[in-house]
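Given the sequences, and given the hints that come with them, work out the whole structure.
There are 2 protein chains.
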Amino acid sequence: MFKKSFLKELAKKEKVSLPFLEKQLQSKKAVIPLNKQNQLSKPTVIGEGFKVKINTNIGTSSEKPKVSEEMKKLDTAIKYGSDAVMDLSIGKNPSILRKKIVEKSAIPLGTVPIYEAAVKAEKKEGTFEKMSFDCIWETLKKQAKEGVDFFTIHSGILKKSIKYLKNNKRTGGIVSRGGAILARWMFVNGEENPVYTNFDKILDLAKKYNISMSLGDALRPGAIADSTDNLQISELHVLGELVKKCWKKGVQVMVEGPGHIPINEIEMNIKLQKKICHGAPFYVLGPLPTDIAAGYDHITSAIGGTVAAYHGADFLCVVTPAEHLRHPDINDIRDGVVASKIAAHSVDLLRFKDEWDKDKKISGYRAQRKWQKTFPLTLDQNKAKDYHKEIKPSDDICTMCGKFCSLKIIDKCDLLK
Amino acid sequence: MFKKSFLKELAKKEKVSLPFLEKQLQSKKAVIPLNKQNQLSKPTVIGEGFKVKINTNIGTSSEKPKVSEEMKKLDTAIKYGSDAVMDLSIGKNPSILRKKIVEKSAIPLGTVPIYEAAVKAEKKEGTFEKMSFDCIWETLKKQAKEGVDFFTIHSGILKKSIKYLKNNKRTGGIVSRGGAILARWMFVNGEENPVYTNFDKILDLAKKYNISMSLGDALRPGAIADSTDNLQISELHVLGELVKKCWKKGVQVMVEGPGHIPINEIEMNIKLQKKICHGAPFYVLGPLPTDIAAGYDHITSAIGGTVAAYHGADFLCVVTPAEHLRHPDINDIRDGVVASKIAAHSVDLLRFKDEWDKDKKISGYRAQRKWQKTFPLTLDQNKAKDYHKEIKPSDDICTMCGKFCSLKIIDKCDLLK
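Going line by line, the protein sequences match chains A and B. Just so you know, the first sequence maps onto residues 163 to 579 in this note's numbering. Just so you know, the second sequence maps onto residues 163 to 579 in this note's numbering.
These aren't lab readings, by the way, just hints derived from the structure by calculation. You can take every hint at face value.
Any copy will do: because identical chains look the same in the list, a pair fits if it lies in one copy or spans two.
Derived pair list, reagent style SDA-like, types lysine to any residue, alpha-carbon separation capped at 20 Å:
1) 226 / 547
2) 547 / 493
3) 565 / 255
4) 565 / 491
5) 551 / 225
See below:
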């Protein structure tokens, strides 16, 4: 599927051996999202035994249609270390941004094609409720051809899920946009989920372009009170079946996961997913261990993401401070990406010597109060420099402790490595 | 030690029974830091079986001497939910702020008296290296009389620690300010730690005023590379002995802990402390699972703090975005307190129904898109409101998804509790 030279380069970047990378791809424990038409300057591998990866969501909405703004967010995401980007545009003309990203982006691009299909159906039929599978299919083909690297497809939500949900109501309902679109569609039309019934056809397309499937968790809990409920787990079982279908067709696949999950259920959720989905890579949206931190959910997500990654989650979706409140701006994207990088790195440093060395290096300079040398080693050197600016670059203290700097006090004691 | 009516009130606030509170105090698994001369409008109990508490550090430095600014930080800390405050002033006149805090604060006040002693010695002798125990003792007596509720005393760092450290150098050295002052003092004077040799005397004073002891971790790791090293653990053993001394004298005591600790060592550190310190409450300074996030260490600390609290840490010290970079400003204090509250609440919601209900309530309103009702339930309603302001209060969507709001889409499907 991939050229040896390409894999060799990627293995080198990942600090693993080529045979290990090949083994993980072979056993489907890792995926490389890369449309066969694309050449990315920063391709990535997601899965067990590799560094934890992060994805940033961008995209227009009906209220925020500016494509140029979203392109700036792409730059910001890449600058702060995002490994992938998803274009979740659901504004008037979702394909414009996508084309620009494919043209420019160094990192893999994912989409949720049902969004564009819904927008088209709204335009044509007045409501997405009248969306046909043809409309979805045309969208999938177009996006595949245009170079999308991975598709989020919500094939795990079924007609019976809606019925079950009606009899077992939730606090948070359905918080997946794709999931809600399909739920409403099934509710109105009384038919089965079209991306479930046509899953094989979609896989043939994915195979043709080497598009990785990312099985969406339409029924992820959107409230702590709904965490790890029957609905979530029953969808996970469907996704486990679909993973096998992907593999049978030779299509790379990862699985999306929650959501709002209390801290004591995160480890279990990761292990459950890995078990039920046969070791397929796990892509988590959070998880958020509390619902009450709107405005600070990048922090909530970094907490859940660290615990999730430590227990085996492979891919973290960036949550920004704007989550639950508004369309994120560029600063929100920066804050969200940095928070996710903290989560990913906190786990990577346990597993990769080059990551561990980053901490050792910065701490060495810090202990010697060589502040200027520490800044380029932080996740956001602009912020670090800005915070330190009241002190002259030549000074060896900061405003916190002034002359009672602990590091300066013991400097003459010769206690440092 | 405490009046029944006072304990009854506190138990009610904590959502525990009076007998449980009494039992935990009796078995020393909890402390109520409260100088016998004080009456606080928001007293607190710290320890096993109670809600996780957070402390905010404020205080002047030689570079940032404004007392009025620190008083604003006190208001900010209390507004966002800090349970205690430490005045770590090490500026010219550290007692001015302390007196103001005692006068005004609703929450318990802690100090590190060695700071004021060091400042005095610098003034009198030209260097803190000439500080006498008399100077420390006078400071302790003054602060006790003036109404400090808990003292951080670094009695666990010994002469032999310095010798050991010289032969087993660290990447980060000594990052505790109090620890560094005492280390340097011992290094220069060749004598044993005066707050160790005079520990009994200090306890008599603490007993007299019912001041709680907070045994400082002078040798906490300040770099991931130094985590859980011999130095840290040997100090912990000394602290475990000192805990017994406190109990023998009838003095309430808690123990301070790290610091920079990788995510895989946090659980073990908490369990080790609880074991070695005989179940005394544990007050952690972080822990920070990475060193590379300067400017965002409130996030790093929220990650480590959540994991620590989940495994038994009782008291979290707020780390602000300014950590490692500068004296924090008021916004840093707010961001730090909110991050710590996220950590504390993420654990409390598992253990206390009233905390769990907070999440359930906000998620219920959120699912119904009653945004205005969600804001007062968030940790920082000003930020939440500000983020949402582009949308009219009457609107039932936000700028993120616009008309494709998942919650709105399924609204007519009757799926919510």
